[in-house]
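**Student:** Please take these sequences and the hints and turn them into a complete structure.
Protein chains: 2
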Amino acid sequence: MARERRRRRRGPAESDAQEVPKAPAYIKRKIPHYSILSDDELSVIEENADTILEEVGIVFSEDQEALDILSSAGASIDGERVRFPRGMCRKIIQDSAPKEFIQHARNPERSVVIGGDNMVLVPAYGPPFIHNLDEGRRYATIEDFRNFVKLTYMSDNLHHSGGTICEPVDLPVNKRHFDMVYSHIKYSDKAFMGSVTAAERAQDSVDMVKIVFGDEFVDNNCVLISLINASSPMAFDGTMLGALKVYARNNQATVVTPFIVAGAMAPVTAAGVAAQSLAEGMAGMALTQLIRPGAPVVYGNFVTAMSMKSGAPTFGTPEAGHMMNISGALARRLGVPFRSGGGFNGAKMPDAQAGYEAANTIQATINSSVNFNLHTAGWLEGGLCMSYEKFVMDADQAGMMWVENGSRDTAMIANEKYKQMLSDYELPPLDPAIDEALLDFIKERKDSFEDSNI
Amino acid sequence: MARERRRRRRGPAESDAQEVPKAPAYIKRKIPHYSILSDDELSVIEENADTILEEVGIVFSEDQEALDILSSAGASIDGERVRFPRGMCRKIIQDSAPKEFIQHARNPERSVVIGGDNMVLVPAYGPPFIHNLDEGRRYATIEDFRNFVKLTYMSDNLHHSGGTICEPVDLPVNKRHFDMVYSHIKYSDKAFMGSVTAAERAQDSVDMVKIVFGDEFVDNNCVLISLINASSPMAFDGTMLGALKVYARNNQATVVTPFIVAGAMAPVTAAGVAAQSLAEGMAGMALTQLIRPGAPVVYGNFVTAMSMKSGAPTFGTPEAGHMMNISGALARRLGVPFRSGGGFNGAKMPDAQAGYEAANTIQATINSSVNFNLHTAGWLEGGLCMSYEKFVMDADQAGMMWVENGSRDTAMIANEKYKQMLSDYELPPLDPAIDEALLDFIKERKDSFEDSNI
Chain S
103 MARERRRRRR GPAESDAQEV PKAPAYIKRK IPHYSILSDD ELSVIEENAD
153 TILEEVGIVF SEDQEALDIL SSAGASIDGE RVRFPRGMCR KIIQDSAPKE
203 FIQHARNPER SVVIGGDNMV LVPAYGPPFI HNLDEGRRYA TIEDFRNFVK
253 LTYMSDNLHH SGGTICEPVD LPVNKRHFDM VYSHIKYSDK AFMGSVTAAE
303 RAQDSVDMVK IVFGDEFVDN NCVLISLINA SSPMAFDGTM LGALKVYARN
353 NQATVVTPFI VAGAMAPVTA AGVAAQSLAE GMAGMALTQL IRPGAPVVYG
403 NFVTAMSMKS GAPTFGTPEA GHMMNISGAL ARRLGVPFRS GGGFNGAKMP
453 DAQAGYEAAN TIQATINSSV NFNLHTAGWL EGGLCMSYEK FVMDADQAGM
503 MWVENGSRDT AMIANEKYKQ MLSDYELPPL DPAIDEALLD FIKERKDSFE
553 DSNI
Chain A
103 MARERRRRRR GPAESDAQEV PKAPAYIKRK IPHYSILSDD ELSVIEENAD
153 TILEEVGIVF SEDQEALDIL SSAGASIDGE RVRFPRGMCR KIIQDSAPKE
203 FIQHARNPER SVVIGGDNMV LVPAYGPPFI HNLDEGRRYA TIEDFRNFVK
253 LTYMSDNLHH SGGTICEPVD LPVNKRHFDM VYSHIKYSDK AFMGSVTAAE
303 RAQDSVDMVK IVFGDEFVDN NCVLISLINA SSPMAFDGTM LGALKVYARN
353 NQATVVTPFI VAGAMAPVTA AGVAAQSLAE GMAGMALTQL IRPGAPVVYG
403 NFVTAMSMKS GAPTFGTPEA GHMMNISGAL ARRLGVPFRS GGGFNGAKMP
453 DAQAGYEAAN TIQATINSSV NFNLHTAGWL EGGLCMSYEK FVMDADQAGM
503 MWVENGSRDT AMIANEKYKQ MLSDYELPPL DPAIDEALLD FIKERKDSFE
553 DSNI
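Residue numbers (my numbering), protein chains in the order written: chain S, 103 to 556; chain A, 103 to 556.
Simulated from the structure, these hints should not be mistaken for lab results. Misleading hints may appear alongside valid ones.
No distinction is drawn between identical chains; accordingly, a pair holds when it is met within one copy or between any pair of copies.
Straight-line C-alpha distance at most 25 Å; calculated DSS-like pairs for lysine-lysine [as the list claims (entries may be wrong)]:
1) 124 to 519
2) 519 to 411
3) 312 to 411
4) 411 to 124
5) 132 to 548
6) 545 to 277
7) 519 to 277
8) 277 to 132
9) 193 to 124
10) 519 to 193
**Tutor:** What follows is the structure, given as structure tokens:
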């Protein structure tokens, strides 16, 4: 923290050299939970989820091992379709999944508690493009990725370094995970997410954090959290199952997340979406506990509604807020941490639409007691773009320390601010021996197979 | 409604001639209330409000009649300062103030229910400037005023025509209320607000609605709702008291609203603001009931927090949301409708900042069960500006029917939309005899005294 304090003291606002309070590592919620549904109404949704699990079942694709594990636990297998006796998934989860857990950062002061009354704010994940006022929209590169890791590291209001902050498309698909995980370790000291695009890439992520934290520490503690999306409706694919198994086996956290655009991959009604999402989520979460009881697992929700006029996903709507609220209440009843979020919007620029829709979603996350708030900062254009300016605005909104502005458009102010931040950036300390070991590992692994973009 | 249906049928989206559902006259809340404080905690704030009323008291300036009325009811008078025995104001209000009431519009299908689980969305109030992309910022005129009445009339998501949508500074201060009230009657058929800038202007407003609705109807029904601001901290001025008395005597609704920038006119803490605001509000509301028991009265809240760095008011912050939530819960316990809102922001353009802050406040109004949501649409630059483009964006947000957009800035799309709306505008029907009587009344009254700008 010495460096952090030094940087702050240099700022004009702190010129009187007063002690600057340290930013909290995460948010502790002090206001009551809010559920738009009653306990009776939530029970109906849970019953319906069990009916889906029992009668329709969930497809576990291209993964015989997963089918065998689920079969041994009492599920019935029909090809790749798995049907679960009522209550089976819930019991497996409640028997061993932790209600909350610590994800350790390499700087212990940055470790976060995921679950309970805590909220961890995480930058956006996955955009193949970046957007800024100078260049407009273009494909993202590893340089952009590093920039966003640095900006996140410097933002007190973001508690976590995230995962694929943007997709570095200038690097081969089968090797870019090395550079992403290394960037999170090298340019930040906050907790971060691992690769999920193949089982071996998940294993590479685990091997890299073992270099940083040591083998035994990693086996006993959560240092990685990773995003496992269902292929909604009612399916998981082999890639996601492969990554899920690696992380669960290594006692690392997974966020099992039905990916739902209501009206496309699910019914249009909030109640229907909530039931389907719970069924998918419980099936995936149960598998983690069967692989390694006690491995941290988070119930994730990515929910938008489709515009029934254009077929496009919509963001920041009350429908999405209702679905999030219901799923949050279901997660509390199940007893697992809840992931949702974030600064969603369909805008193509960091304009008023982006602001309205992002704020609507962030407010919904507060109303839904979200624990792990992915996509807090930077999300633009339905997630296709990571915006430099919106990142700055979202991060400020997250801490409600809004930039004092003149008469210029807010995006222009944010444009100046992100450039200033990048120019002020200083590396957090990293043991040179660990750095060298990581670079050696990456080189050796990268050289051991040909580059590929599939 | 025949005209309304005709206009809709002609729209491109309705070219298949299907029946378009009529927009509801107001919103009926179907989700539970949410209070961030427990009943015990709210009781503490009520106790503190009674302590303020008992020990500090409220100044009723320049109004001997108000002092006499309050004295007769049991308050103690010390110069212009009035101190109330504990529980006195609450009892007076609960004895006769309606929990909810109908405000009649001249089109009965547009009448609104204020209070209970209902929410009425109302445009912004009071800005002396307008802002649009073509001209930037300039003083507002009566032409702008008429434009905003028309735009509000055409917006299904706004349920009420509002009051001083913008200040027509091209007209004399002492006569512009005639043109404002007339514009609400002439260019719209939704319910609206009366003048409060002098007792006689309030009376003119009442006289004008009597021409439209008839004397007896007005005496027995609410057709006007008007904004009575306290001169916080702990004072009402003679102008506001004069208007309050006219409206209460005529059985018309008032919205008694402490006007608080926390840190300036009140403590910085949410609990302190809530106690002071409740004390001021109850004192004013009690006076309405002493003047005419049963006259509709609404507990209003205009709360922002001051930036302790710059002294500027801030908008869309969690602090303001907390204060609104607490005051909403206090209004429900008191048993009167609650006014707050709206699309607040400190932005100078309809940019991302405007969007974030406006959405944050609108979300807070939903969490606070606001009944009469003033400032829903158009508010810009801390209320100094009424923005044409933001009006369109806010109104769309209010109905969550977002404009489908291309790659242009949302404000540019809104710029086109407001112009199209104004060009499509058609007058609602108005009995020519009533129109003539109103114009005669206005001419006679305007000619009876000299123009003045004080």
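**Student:** Hint by hint, note whether the structure agrees.
**Tutor:** Structure-based check of all given hints:
no.: 1; hint: 124 to 519; verdict: within (21 Å within a copy, 47 Å between copies)
no.: 2; hint: 519 to 411; verdict: between (38 Å within a copy, 19 Å between copies)
no.: 3; hint: 312 to 411; verdict: neither (50 Å within a copy, 46 Å between copies)
no.: 4; hint: 411 to 124; verdict: between (48 Å within a copy, 19 Å between copies)
no.: 5; hint: 132 to 548; verdict: neither (47 Å within a copy, 57 Å between copies)
no.: 6; hint: 545 to 277; verdict: within (10 Å within a copy, 81 Å between copies)
no.: 7; hint: 519 to 277; verdict: neither (32 Å within a copy, 48 Å between copies)
no.: 8; hint: 277 to 132; verdict: neither (43 Å within a copy, 51 Å between copies)
no.: 9; hint: 193 to 124; verdict: neither (41 Å within a copy, 48 Å between copies)
no.: 10; hint: 519 to 193; verdict: neither (49 Å within a copy, 55 Å between copies)
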